[in-house]
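Peer 1: Starting from the known structure of chain A, fit chain B onto it as the hints suggest.
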Amino acid sequence: MVGSDISPSKISSITAHLETCPECQQEYDSYSLALEKTKEWLEEDKPDWVEREWQQAVQEAVKEKESVISPLAPWPFKKAWAFALMGVLAVALSLLFVIKPFSIGEGAAPGSELLYRTQAQLLRSAFQESQQEVVKMTMVLPETGQKIVWFFDKNFELEVKE
Amino acid sequence: MWMKDEDVLVSEVLEGDQSSFEPLLRPHRQGLLNMAYRMTGNIEEAKEICQEALIKIYRYLYRFEKGKNFKSWVYKITMNSAYDYLRKRKKSEDIIESQKRQAFNGGSDPEKQFLNREIGTKIESCLQNLSPKEKAVFLLRDGDGFSVEETSKILKCSSLSVRTHLSRARKKIRAQFEQSNLGFRKEVKSEL
Numbered sequence: 069m070v071g072s073d074i075s076p077s078k079i080s081s082i083t084a085h086l087e088t089c090p091e092c093q094q095e096y097d098s099y100s101l102a103l104e105k106t107k108e109w110l111e112e113d114k115p116d117w118v119e120r121e122w123q124q125a126v127q128e129a130v131k132e133k134e135s136v137i138s139p140l141a142p143w144p145f146k147k148a149w150a151f152a153l154m155g156v157l158a159v160a161l162s163l164l165f166v167i168k169p170f171s172i173g174e175g176a177a178p179g180s181e182l183l184y185r186t187q188a189q190l191l192r193s194a195f196q197e198s199q200q201e202v203v204k205m206t207m208v209l210p211e212t213g214q215k216i217v218w219f220f221d222k223n224f225e226l227e228v229k230e
Numbered sequence: 061m062w063m064k065d066e067d068v069l070v071s072e073v074l075e076g077d078q079s080s081f082e083p084l085l086r087p088h089r090q091g092l093l094n095m096a097y098r099m100t101g102n103i104e105e106a107k108e109i110c111q112e113a114l115i116k117i118y119r120y121l122y123r124f125e126k127g128k129n130f131k132s133w134v135y136k137i138t139m140n141s142a143y144d145y146l147r148k149r150k151k152s153e154d155i156i157e158s159q160k161r162q163a164f165n166g167g168s169d170p171e172k173q174f175l176n177r178e179i180g181t182k183i184e185s186c187l188q189n190l191s192p193k194e195k196a197v198f199l200l201r202d203g204d205g206f207s208v209e210e211t212s213k214i215l216k217c218s219s220l221s222v223r224t225h226l227s228r229a230r231k232k233i234r235a236q237f238e239q240s241n242l243g244f245r246k247e248v249k250s251e252l
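Protein sequence lines, in the order shown, are assigned to chains A and B. Just so we're aligned: the first sequence equals residues 69 to 230 in our numbering. Just so we're aligned: the second sequence equals residues 61 to 252 in our numbering.
Hints were generated in silico from the structure; no laboratory data involved. Possibly wrong hints are sitting among the right ones.
[Said to hold, decoys possible] So these bits of chain A aren't anywhere near chain B, every CB distance computed over 10 Å:
#  : residue
1  : K78
2  : S80
3  : I82
4  : E87
5  : T88
6  : C89
7  : G155
8  : L161
9  : L190
10 : S193
11 : K204
12 : M207
13 : E211
14 : Q214
[Unchecked claim] Label pairs and their in silico Cβ distance ranges:
#  : chain 1 : residue 1 : chain 2 : residue 2 : range
15 : B       : E104      : A       : T88       : 49 to 55 Å
16 : B       : R228      : A       : E108      : 20 to 26 Å
17 : B       : S219      : A       : C92       : 41 to 47 Å
18 : A       : Q93       : B       : A235      : 17 to 23 Å
19 : B       : S221      : A       : C92       : 43 to 49 Å
20 : A       : E87       : B       : R149      : 47 to 53 Å
21 : B       : P87       : A       : C92       : 38 to 44 Å
Just so you know, these numbers come straight off a predicted model, no measurement behind them. The beta-carbon is built from N, C-alpha and C at its ideal position, and this holds for glycine as well.
Just chain A, with the same shape it has in the complex (with noise of 0.2 Å):
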């Protein structure tokens, strides 16, 4: 049938029905011969390559590659590269600005001076950088759970205390 896409079951009715249907068949015979036409102009009208033009695209694309990948680029180029680029970026720049600040008094033994110190610091700068009236910190003692609650107002001076 016009273009093969029709199941060859269906082929036998629809041929069937042609023979008994003239109007049917007019309507197929036209829409084979424009098809038909069509794809004999398609077959003849078919340009093709000047041999010299076809190796100089051919030796361009080859050419074209070469420039594009550097020497430092991972070879074959893939996307997966990339991304694991990526995510080492993103686990070094967390562990540079988000784990680093918060590990500052680590090697600090509890209730040393230098963890005090590293505290107020980043008490005052929490302040600073969010404009707050007011900060209450708690600390929780945990041999006994009691809770100490300690409030700051914008002008307190922190001091460090025993």
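Peer 2: Relative to the frame of chain A, chain B by itself:
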């Protein structure tokens, strides 16, 4: 002439043998140019599209899965390049001006040549009246003989969409044929 298997040629290119690229593409060279030509209606633009497609084929050859249909894969890339080109051209150029065709060669018989040229011009105008999608579906399915499934893969759309666009394209072409005064009706009647 003995032809190497496509998969072997693909492997050789991927291993760095640039000389295998040309024999790999040679069987498809006319088909690709023809496809681009039908999409644009201009041979110079078609060559530009093919050049772009060749660059992409070489660059992304490592993505081609061996054992799959290489022809479909290269047609897909060329079709995408043609779409990109048409999109750019639509923005920047006068389409009618750029679709001027080269002389149509219809054989040695002057009368037949004239008639063929006339039919060719009519068919060409029929094709240019189709939407890019309809044209692509029609050319792949009816021009290059790809199956509906292959066409859907090349154009990244469903089989249903291919059938719909194909049906529309064929109807438009038939309507244009009937409108034209090329003795088409007479030919149909005489064949009946």
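Peer 1: Determine for every hint whether it applies to the structure shown.
Peer 2: Taking the hints in turn, this is what the structure says about them:
1. K78: A/K78 clear of chain B: closest Cβ-Cβ about 13 Å, beyond 10 Å.
2. S80: holds, 20 Å
3. I82: holds, 15 Å
4. E87: holds, 13 Å
5. T88: At roughly 15 Å from the nearest Cβ of chain B, A/T88 sits farther out than 10 Å, so the non-interface label holds.
6. C89: Answer for A/C89: holds, closest chain B Cβ roughly 13 Å.
7. G155: holds, 22 Å
8. L161: holds, 31 Å
9. L190: It holds; A/L190 is separated from chain B by about 50 Å at its closest Cβ, greater than 10 Å.
10. S193: Answer for A/S193: holds, closest chain B Cβ roughly 50 Å.
11. K204: Correct as stated: the minimum Cβ-Cβ distance to chain B is 58 Å, above 10 Å.
12. M207: holds, 59 Å
13. E211: A/E211 is indeed farther than 10 Å from all Cβ atoms of chain B, at 63 Å.
14. Q214: At roughly 65 Å from the nearest Cβ of chain B, A/Q214 sits farther out than 10 Å, so the non-interface label holds.
15. B/E104 - A/T88: 49 to 55 Å: holds, 52 Å
16. B/R228 - A/E108: 20 to 26 Å: holds, 22 Å
17. B/S219 - A/C92: 41 to 47 Å: At 26 Å between Cβs, range violated.
18. A/Q93 - B/A235: 17 to 23 Å: Holds, since A/Q93 and B/A235 (Cβ atoms, about 19 Å apart) stay within the stated range.
19. B/S221 - A/C92: 43 to 49 Å: violated, 27 Å
20. A/E87 - B/R149: 47 to 53 Å: Hint holds: Cβ distance 48 Å, inside 47 to 53 Å.
21. B/P87 - A/C92: 38 to 44 Å: Given a distance of about 40 Å, which is inside 38 to 44 Å, the answer is holds.
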